[in-house]
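Peer 1: Residue-level listing of the chains:
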Amino acid sequence: MQVILNGAVNGFAISFLALAFALVYLPTGIFFVAVAGIFAICPYLLKTLLQIGLSLSFAILGTLLAGGAMSLLCEILCHEPLSRQRASKELHLIASLGIFMFLSQLAATVWGEKVQNLSISADTFVILDGLVVSVSQEVIIISYSIFMPFFLFFLYTSKIGLLMRGLPGSSVEAVALGFDLRRVRRVAFLISGFFCAVGSILLAYDRGFSPFQSLNVFILAVVATIIGGNTFRGLLLGAFLVAIIRAEAAWNFALVWQDIITYTLLVIVMFVRQKGRVRSGERIEENV
Amino acid sequence: MNYLYHLIIYFCIFALVSQSLNIIIGYCGRLSMAHASFFAIGAYVYAICNVIGVVDFFFVFPILIFVSFFFSMLLSIPSWTFKGDFFVVLTIAVQFLLYNAIRNWATFGEPIGSLLNMTNGVVGISGINYPQVAGFQLTTLEQFTCFTIVIWATTSVLEFKVLSSRWGSLLRAMRDQELVLEGLGVDTRRLKIEAMALACAMAALAGALYVGYTGFISPVKGEIEDSFLYLAMVLIGGSGNLRGSLLGAVFFILLPEVLKTIDLNDALVADFRVLLFGLMLVIIARFLPKGFAGEYSIKS
Chain A
23 MQVILNGAVN
33 GFAISFLALA
43 FALVYLPTGI
53 FFVAVAGIFA
63 ICPYLLKTLL
73 QIGLSLSFAI
83 LGTLLAGGAM
93 SLLCEILCHE
103 PLSRQRASKE
113 LHLIASLGIF
123 MFLSQLAATV
133 WGEKVQNLSI
143 SADTFVILDG
153 LVVSVSQEVI
163 IISYSIFMPF
173 FLFFLYTSKI
183 GLLMRGLPGS
193 SVEAVALGFD
203 LRRVRRVAFL
213 ISGFFCAVGS
223 ILLAYDRGFS
233 PFQSLNVFIL
243 AVVATIIGGN
253 TFRGLLLGAF
263 LVAIIRAEAA
273 WNFALVWQDI
283 ITYTLLVIVM
293 FVRQKGRVRS
303 GERIEENV
Chain B
283 MNYLYHLIIY
293 FCIFALVSQS
303 LNIIIGYCGR
313 LSMAHASFFA
323 IGAYVYAICN
333 VIGVVDFFFV
343 FPILIFVSFF
353 FSMLLSIPSW
363 TFKGDFFVVL
373 TIAVQFLLYN
383 AIRNWATFGE
393 PIGSLLNMTN
403 GVVGISGINY
413 PQVAGFQLTT
423 LEQFTCFTIV
433 IWATTSVLEF
443 KVLSSRWGSL
453 LRAMRDQELV
463 LEGLGVDTRR
473 LKIEAMALAC
483 AMAALAGALY
493 VGYTGFISPV
503 KGEIEDSFLY
513 LAMVLIGGSG
523 NLRGSLLGAV
533 FFILLPEVLK
543 TIDLNDALVA
553 DFRVLLFGLM
563 LVIIARFLPK
573 GFAGEYSIKS
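Those sequence lines, one after another, are chains A and B.
First residue of the first sequence: 23, per this note's numbering; consecutive thereafter.
First residue of the second sequence: 283, per this note's numbering; consecutive thereafter.
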């Protein structure tokens with residue numbers, strides 16, 4: 023049970039980054055690798071804001087706003103002009119990869135490559151029914167419980183949320199019906215950066231941070247999205263599945279098997295069912 | 283003078299990497315994030331052959347080709363079904379799987395190259411010598427430089443001939459209009475297998491030259507960050523022709539040298555190289571999708 027709990031909590035944390043990736047990927051088709059760069063830089067921003075004397079709440083707020091702003095800038099300066107030029111998805115991917123390389127290396131150059139921590143003391147824990155839960159895990163669970171219901175409420179009740187869910191494969195129809203796609207995209211990027219910053223702070227608080235570990239977490243987020251079937255609800259399930267499988271693999275076999283099992287599962291899912299395990303509505307012509 | 287030899291050797295090695303990745307990007311129309319793992323595979327094959335006593339390059343070379351062909355199927359089979367983002371994700375999965383295999387195929391105390399300890403894990407393999415060529419042992423840097431230049435030049439000429447032939451035309455046609463080519467009865471699956479095998483063999487050859495020069499290999503050379511750098515090298519120079527990939531290799535080698543002239547230490551030079559490559563990728567995607575000297579513009 024402890025292993026499952028640990029896996030579930032990791033799944034909560036990965037969900038934030040998976041959501042950050044999917045918020046851009048699903049409506050726009052852009053493989054938003056740059057979110058890994060934003061993920062790398064946010065803990066350093068938080069630590070710097072704390073070091074210059076800001077209170078914890080203002081520092082966190084500042085980091086969340088910075089995450090959203092960086093993501094929005096990626097859209098305004100890079101992806102929006104590329105979309106206007108009718109650039110292919112590969113070009114968007116290349117540009118996003120360039121932004122990731124720049125941001126992660128910037129973090130390494132300015133703040134160093136060593137693993138750092140947000141807390142200065144050892145983590146404390148409580149024991150609930152025989153299960154050990156650390157304070158950082160409690161923070162992750164509480165954050166997930168607050169943010170995710172709000173986001174799902176926004177996604178399923180607001181007009182922009184409806185557009186975000188409906189855009190995959192229907193962008194031409196959306197434009198023809200007079201929807202402002204530019205606004206939807208910018209909101210998607212902004213919320214993506216916000217969730218990326220949340221996930222980044224939570225994981226940094228739980229296990230420390232360095233500039234180059236963001237890519238591994240990002241890949242897990244992509245795996246979660248694909249396994250979840252390229253839907254918002256599915257990726258939350260996918261994140262849990264991935265995290266619990268990884269926890270079980272580490273417990274039952276060895277740590278080295280985590281990545282091997284994860285990527286083998288990804289390859290199998292992609293070959294067997296491209297849209298992942300959670301079925302989403304398909305248009306007939308998509309299969310032609 | 284030794285430093286000039288060093289630059290020439292590195293240029294030949296990374297020109298081979300660039301040219302090999304150019305086959306996948308510029309001629310097959312696929313983005314691959316797994317190239318560093320094939321480079322590492324070639325390096326480890328050479329290193330293991332060296333350790334177990336197979337030192338003549340003419341014996342190592344066929345082993346290199348066979349192993350790289352085997353692993354290239356991990357790219358060519360997915361390319362039958364996937365393109366665009368899905369192919370990229372699969373190459374990332376292949377990269378991580380191969381990297382983990384290289385990093386973890388080790389058992390302390392077992393001889394290197396044995397089934398239990400093929401790669402010696404994170405410790406890596408050291409003490410690798412220059413190759414023998416038809417019984418003649420290379421001993422000096424000058425000899426190894428000449429050998430590297432000959433290998434690179436021969437491979438480049440062969441690659442140019444092959445890509446200028448009907449087969450190369452079929453590759454370009456497959457890149458641009460795969461469905462039409464299939465309709466004309468061309469076996470595109472076999473084309474992809476052949477192209478990926480050629481590309482991975484060239485990358486493995488570059489890895490073998492690299493480890494022959496440095497004398498040491500560790501799993502670090504197979505990390506995905508190196509794949510990103512190789513991808514950037516090809517895209518910045520340009521894909522779809524030979525001059526673009528050579529320009530990318532020149533840029534890859536000379537950029538750190540230019541940075542050193544402004545009194546940056548080696549660690550900062552490496553950091554700035556990645557920073558500049560990242561920035562250039564964004565500029566290339568926005569303004570120069572063909573790169574500086576390429577023919578092929580990345581498109582779906």
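For the record, the hints were derived by calculation from the structure and aren't laboratory data.
For glycine and all other residues, C-beta sits at the position ideal for the given N, C-alpha and C.
Just to be clear, a hint being listed does not mean it is correct.
Said to hold, decoys possible - To give an idea of the chain A side of the interface with chain B (calculated C-beta under 8 Å), a few residues:
hint, residue
1, 119
2, 248
3, 251
4, 274
5, 278
6, 281
7, 283
Peer 1: Honestly, which of those hints from before does the structure not fit?
Peer 2: 3, 4 and 7
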